[in-house]
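**Q** The primary structure of each chain is shown beneath.
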Amino acid sequence: MDLYDGYNRKVSYLRVSLTDRCNLQCFYCRRDNLVLYEREEILTIEEIKFLISVFYRNFGINKVRFTGGEPLIRRGIESLIEGLRDFNLSVNITTNGILLKEFARFLSENNIGVNVSLDTLIPEKFKKISGGYDLDRIIEGIDTALHLGIKLKINTVLLRSVNDDEIFDLIDFAFSRGVEIRFIEFMPFVNEFIWRKYFISEDEIRDKIEQRHKLYEIGEDSSIARYYTLENGAKIGFISTVSKPFCHNCSRVRITSDGHLVLCMFDKFSYPLKQFLRPKIKENELVEYICSVVKLKPKGYIELREKQASFPMIKLGG
Amino acid sequence: MKVLFFGRFKDITGTGEVEVEGFKNLSDLKAYLFEKYPKLRGETFAIAVNFEIVHSDVELNDNDEIALLPPIAGG
Chain A
1 MDLYDGYNRK
11 VSYLRVSLTD
21 RCNLQCFYCR
31 RDNLVLYERE
41 EILTIEEIKF
51 LISVFYRNFG
61 INKVRFTGGE
71 PLIRRGIESL
81 IEGLRDFNLS
91 VNITTNGILL
101 KEFARFLSEN
111 NIGVNVSLDT
121 LIPEKFKKIS
131 GGYDLDRIIE
141 GIDTALHLGI
151 KLKINTVLLR
161 SVNDDEIFDL
171 IDFAFSRGVE
181 IRFIEFMPFV
191 NEFIWRKYFI
201 SEDEIRDKIE
211 QRHKLYEIGE
221 DSSIARYYTL
231 ENGAKIGFIS
241 TVSKPFCHNC
251 SRVRITSDGH
261 LVLCMFDKFS
271 YPLKQFLRPK
281 IKENELVEYI
291 CSVVKLKPKG
301 YIELREKQAS
311 FPMIKLGG
Chain B
1 MKVLFFGRFK
11 DITGTGEVEV
21 EGFKNLSDLK
31 AYLFEKYPKL
41 RGETFAIAVN
51 FEIVHSDVEL
61 NDNDEIALLP
71 PIAGG
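Chains A and B supply the protein sequences, listed in that same order.
Note that our numbering numbers the first sequence so that position 155 is 155, with each residue one more than the last.
Note that our numbering numbers the second sequence so that position 42 is 42, with each residue one more than the last.
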């Protein structure tokens with residue numbers, strides 16, 4: 001049985017946050033008063049595997065993405081991925097790349113698609129954005145992953161006066177490696193003041209690119225990104241959640257690392273699933289519950305943009 | 001209509017841009033370009049009509065801008 005929300009959008013894509021911990025501290029992802037989940041609140045690897053299998057067996061979802069926090073720091077991620085081998089599922093991960101080099105062979109062997117967040121190529125800026133020192137490791141991780149044939153994309157959040165002078169360098173970095181880069185609009189998850197200070201819209205980025213390049217639109221079938229090629233063949237995408245939201249064909253729901261179903265990143269409600277897992281599994285009730293709450297999936301960002309989202313990015317993984 | 005050549009196609013044709021006229025559709029134009037620049041045959045390229053990549057034959061109008069681009073990176 002397929003899963004449809006109240007606006008007749010089919011839910012086919014599950015994003016699972018494996019942890020709310022991260023080995024970087026990017027300022028646009030965190031909130032100051034952030035309270036991390038206690039260990040016993042976090043879903044076990046077995047529970048996560050079971051939830052994915054419920055969505056797979058009952059609702060025919062065809063795509064899963066692991067997010068965080070940083071998913072590669074979640075202990076047991078290998079057995080989780082191995083446990084999904086027999087499913088006919090596209091399994092992907094979004095990572096900051098710090099541990100990509102170490103995991104590259106495993107991810108390659110398991111055919112895992114990898115999106116790497118990369119906002120700058122300048123070490124000092126990387127420190128300013130993320131608090132970390134390991135930009136070299138990320139780049140080594142990307143190159144190792146590509147060498148092993150991993151399907152990889154680069155995700156970049158452009159921030160005004162922080163890294164918007166690196167647009168062309170980032171495009172060249174991706175192009176020289178034969179991978180696509182997607183510019184993701186900065187979302188208002190931290191606070192309004194910071195968001196207004198740093199936000200740059202897709203239109204503005206395109207204007208900047210067009211000062212040096214011609215942009216040719218690729219009419220590619222994608223639910224969330226608009227793709228272009230430059231005259232040299234470089235492929236770039238825009239994920240413009242703020243200025244051109246893609247809510248009308250949103251197919252995704254999210255599960256937080258503490259087992260809440262989140263129907264929209266900007267929704268203030270979430271739906272606890274652990275009650276059907278502990279102390280013992282009640283699959284029938286869980287399936288019924290998911291079917292009924294998914295009808296409450298909000299129409300989208302447009303409807304909710306005036307309200308503050310309840311989850312910081314670190315708990316949802318974008 | 002204007003035809004722009006980028007990347008190696010600029011070298012192959014020895015020009016960045018040519019004006020042509022009278023072509024009703026893309027396949028006719030392609031046949032003409034292959035005739036005029038035989039080295040283009042066997043090349044892999046992407047074609048854009050008025051800044052939009054096209055994957056099949058399309059009709060052309062007099063003031064269209066057509067571009068021959070290198071294959072798109074990353075699929």
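Note that these hints are calculated values from the structure, not bench results.
Watch out, some of these pointers could steer you wrong.
Label-pair restraints from in silico Cβ distances [to be verified]:
| id | chain 1 | residue 1 | chain 2 | residue 2 | range |
| --- | --- | --- | --- | --- | --- |
| 1 | B | E17 | A | E78 | 51 to 57 Å |
| 2 | B | K10 | A | G113 | 41 to 47 Å |
| 3 | B | V58 | A | D32 | 31 to 37 Å |
| 4 | A | G60 | B | K2 | 55 to 61 Å |
| 5 | A | R57 | B | K10 | 25 to 31 Å |
| 6 | A | K208 | B | V58 | 28 to 34 Å |
| 7 | B | K2 | A | F193 | 46 to 52 Å |
| 8 | A | R57 | B | N61 | 38 to 44 Å |
| 9 | B | E65 | A | R196 | 36 to 42 Å |
| 10 | A | M1 | B | E65 | 34 to 40 Å |
| 11 | A | R212 | B | N61 | 51 to 57 Å |
Here's a subset of chain B near chain A, in silico, CB distances under 8 Å, partners left out [claimed, not checked]:
| id | residue |
| --- | --- |
| 12 | M1 |
| 13 | G7 |
| 14 | L40 |
| 15 | V58 |
Predicted model, so just to flag it, every value in this text is computed and none were measured.
A virtual CB, placed ideally from N, CA and C, is assigned to each residue, including glycine.
**Q** If you check each hint against the structure, which ones fail?
**A** When the structure is compared with the hints, numbers 2, 3, 4, 5, 8, 10, 11, 12, 14 and 15 turn out to be violated.
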